[in-house]
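Student: Those protein sequences? They're chains A and B, same order as listed. So in my numbering, spot 16 of the first sequence is number 16, and the numbers just go up one at a time. To get my numbering, take the position in the second sequence, counting from 1, and add 347.
Derived from the structure by calculation, the hints contain no laboratory data. Fair warning: there could be bad hints in the mix.
Subject to a maximum C-alpha distance of 25 Å in a straight line, what follows is the list of computed SDA-like cross-link-like pairs (lysine to any residue) [stated by the list, open to error]:
no., chain 1, residue 1, chain 2, residue 2
1, A, Lys288, A, Val239
2, A, Lys288, A, Leu211
3, A, Lys235, A, Pro259
4, A, Lys288, B, Gly539
5, A, Lys288, A, Glu175
6, A, Lys288, B, Leu537
7, A, Lys235, A, Asp258
8, A, Lys235, A, Asp222
9, A, Lys288, A, Leu199
10, A, Lys235, B, Val784
11, A, Lys235, B, Phe789
12, A, Lys235, B, Leu788
13, A, Lys288, B, Phe789
Looking from chain B toward chain A, a few residues come up when the C-beta cut is under 8 Å (computed) [what the hints assert, rightly or not]:
no., residue
14, Val401
15, Gly402
16, Leu480
17, Val533
18, Phe535
19, Leu537
20, Ile545
21, Glu555
22, Ser559
Which chain B residues face chain A? A few, computed with CB under 10 Å, are given here [said to hold, decoys possible]:
no., residue
23, Ile707
24, Ile714
25, Ile782
Just so it is clear, the structure is predicted and the values come from calculations on it, not from any experiment. Glycine included, each C-beta is placed from N, C-alpha and C at the ideal position.
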Amino acid sequence: MMGLLSHAVVDAPLFADAVGRFFQPDTLARILIEGLGKAAIYFIIAIGLTLVFGLMGILNFAHGAFAMVGAYLGGILMVVALSSTSGAFTRIVFFIVVVAVIFALMTAVGSALEIGLVRPIYDRTPMYQILLTFGVGLILEELARIIASSQGIQPEPTWTAARDTIPGFLSAPSEIIQGLFGTNIRGFYMFAIAAGILLAGAVWLFLNRTLYGLYIRAGSEDPEMVEALGVDVRKAFTVVFGLGTGLAAVGGVFLMWDPNWGPSVMLNLDVLLYAFVVVVIGGLGSFKGTLIAAVIVGIADSFTTWLFNTGIVAFSGLPEVTIFLLLVIALIVRPQGLYGVEEVGGH
Amino acid sequence: MAISPVDDPVSDGGADASAETEPVTDKRETRKGVSADGDEQQDRTRDGADRHWVGQYLRDHLSHIAVVAFFVLYPGLSAALAGIPALDIGIATVDPGAFFDAFLPSMPFMIAMLFLGLFAMSFDFISGYTGYLSFGHAAFYGIGAYFVVMAANGLIPGIPQGTPFVLTMVIGATIAFLVALAIGAVSFRLTGVYFAMITLGFAQVMYELIRSWGYAATNPTEGPSFAGEAPTPEIGVPFVDSLSVAIGRLGGDSFDNLLGLGIDLSSTVTSYYAIGLVVLLSYFAMQRVIHSPFGQVMIAIRENEERAEAIGYNVFWYKMGAFGISAFFAAIAGALFAAFRGSASPDDTFYFLVTADALIVTIIGGIGTLAGPFFGSFFFESLEDILSSQQGGLAPYLRETLPDGLLGADVAGITFLDVINTAVDGRAPLYLGVIFVLFVLFVPNGILGTVRDRLGGTVANRLPAHLERYRR
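Isolated chain A (complex conformation):
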């Protein structure tokens, strides 16, 4: 650890300087807005996982792979449909269409997977559901790798052609923020915030205004009672697993444009790990918890990224370490998560 420490040691004048820089409106705005943008992304990739866990008690290890499939499918649709001359408006409209199409498609795929693979093993211990979904994730990742490389696309690090379908005003710094706070923030983060709010609203409405939402909320509190009251739990499981898959894929479509991610087979594990962090911190199965945890993780991410980018801390892995430390600390301090139910997820 000596090497690390010598990197991380901050000289006193530098420290004062850093504090001074931190309390400037443009820095604060930057950390906050970029943090919310990242929070939106984290929310989008995690919400499907928490829904599935909430009702079914299944930790879906194929979640990241579904996001990866979504990113690639979205990329294919965007690359095929758009030419380099397409305007920003066309791109946005098309993006929304792609999100809808992929959500529908992957919801169907997820439901089919649930019926075919997950359903036979509900009576086993939760470990087998983890293992099964993990295996499905491995297969999907490897299939994506084979198909991508057979089409001449590099499976790693990222498929740039798909990432570059982002309209210019989203990849460039946002002018509105520039005018208001005098700081450069990628337009994409503004777009992500808007999308995250929309999605959170949609999921909230689904949970609170529909029958299946009611099942999920009830099921995450007392699954046996729900069953006893005559709900067709099997059908509800199929629907919810499908929705979770669809939401994961939608998360993948968003990541396609994200400057830090982009379509690649690495999404399988990366999305999985970060979605886990968010879901566990928030409490497995809790919508509110996931939302708040996403904001915490997003702000922590943008703050530590700022620390590194300004050279205050010369340790490039700081954001990742911070995020996983948050997971560990959250589990030590409050194992059931911010809004989780205590009994869920134990033995």
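With the hints as your guide, set chain B onto chain A.
Tutor: Same frame as chain A, now just chain B:
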């Protein structure tokens, strides 16, 4: 008679028709570690009054002996089979040698099997026996690997550069043991998914830190490797040169015309035996723990933790102990891995996927059976070997043996050759994933677990009875 521990399995291999000397030799090995001058004692055990005891012991360990004999004989066997010359039988050439060369796992994969097997066994030790999924197990593997490489490079304060590998390996494993206790102290307050998550969190934090730890390696994302002045890792009795052999892909010892028997051992085969010996000893150590009262409490915790606690066991400390022991052997596996490869990289040691490999082979081999993960690992590496084109393998074999007409036959513009190139060559992870899912669905107890269910007990216990039945 200064047989080095590594030569021994070979000489066993030679005398293996009478496989009964095997466990006795094993005993001798362990004892020799303590006192180099134990011949007198051994002879007494061997030829002494209590022949019956030895016979019973051998019968009890028949399955162990068979397995060890197989792996001891494997290098010679596979070389002999691959060396069968091609036969021209008029209509076509039959080349069984090429077939065996393509389908029998080659030595580098067999060595990978050894340390993956040990790592998976240590993973199973905690996950399969106490029921606590240790998703951050790669951290201990990484500690073992990094410790030996850094110690060899003189980077660990207090450990001089020339310290024998065996010592640094054990010290590294002890550190892993202590780290496991520290992690366990906070993690064992949690159960189920939460335990898996917090261990994963710890491992990922360490992974990210190691990736940018400039002290360990000049390029931390690539990880450290044995520098020029670092001694070649040797397995054997520390400080006794004649009882140690160097291992490693490049710098390992090789023996020509061993003991005048006309057997040549390449450096890879020497490493295979040396590493295999450590794995075997580790297996017996872990098996001893499992069969002790301590191990029975571990199983009780898996079956019903509340009840184990109610009986009066302090389950927390049993779990801590099991976690520590498991971390110890995971670190041994990591040290062997780094020693053979000559380097350690964060992605091959601390990363989540390393744990995932252990998880996969544990499930395929049979979770909750100690030897199962080892067989799972054998299966895993065989598949890797067959589907990779590094050393023989299916794809080159098909390309060479199939007639050109078939290879060139195309359906909708895709030739059969293209199919082989994209769907076979280097695609082990895909088929492994499929096999893994099939195992989870249809063989949840894994290979060894299913065999045990069939036999109605452990193989070691049931096999003699079964053989007895066939003899009559």
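Student: May I ask you to test the interface hint for B/Ser559 with respect to chain A, counting a Cβ-Cβ separation under 8 Å as satisfied?
Tutor: At 5 Å from the nearest chain A Cβ, B/Ser559 passes the 8 Å test, so the hint holds.
Student: Does the alpha-carbon distance linking A/Lys235 and B/Leu788 stay inside the 25 Å limit?
Tutor: Distance of about 21 Å is within 25 Å: holds.
Student: Would the hint on B/Ile714 be counted as holding, given a Cβ-Cβ threshold of 10 Å to chain A?
Tutor: Status holds, d = 8 Å.
Student: Is the Cα-Cα distance between A/Lys288 and B/Phe789 25 Å or less?
Tutor: Violated, because 38 Å separates the two Cα atoms, which is more than 25 Å.
Student: With a cut-off of 8 Å, does the beta carbon of B/Leu537 approach a beta carbon of chain A closely enough for the hint to hold?
Tutor: holds (5 Å)
Student: Is A/Lys288 within 25 Å of B/Gly539, Cα to Cα?
Tutor: The hint holds at about 23 Å.
Student: Please verify that hint: B/Leu480, Cβ, nearest Cβ of chain A, below 8 Å or not.
Tutor: Nearest chain A Cβ about 6 Å off; hint holds.
Student: Next item in the hint list is B/Glu555. Is there a CB on chain A closer than 8 Å to its CB?
Tutor: B/Glu555 check passes; min Cβ-Cβ to chain A is 4 Å, inside 8 Å.
Student: Would you settle whether the hint for B/Gly402 is holds or violated, based on the nearest Cβ-Cβ distance to chain A being less than 8 Å?
Tutor: This hint is violated: B/Gly402 lies away from chain A, its Cβ roughly 41 Å from the closest one there, beyond 8 Å.
Student: Could you grab the alpha-carbon distance between A/Lys288 and A/Val239 and see if it respects the 25 Å cut-off?
Tutor: At roughly 21 Å apart (the allowed maximum being 25 Å), A/Val239 and A/Lys288 satisfy the hint.
Student: CA of A/Lys288 to CA of A/Leu199, is that 25 Å or under?
Tutor: Holds, because 13 Å separates the two Cα atoms, which is no more than 25 Å.
Student: Closer than 8 Å between Cβ atoms is the bar; does B/Val401 clear it against chain A? Give me holds or violated.
Tutor: Violated, because the Cβ-Cβ distance from B/Val401 to chain A comes to roughly 42 Å (cut-off 8 Å).
Hints 3, 5, 7, 13, 14, 15 and 18 from the earlier list are contradicted by this structure; the remaining hints agree with it.
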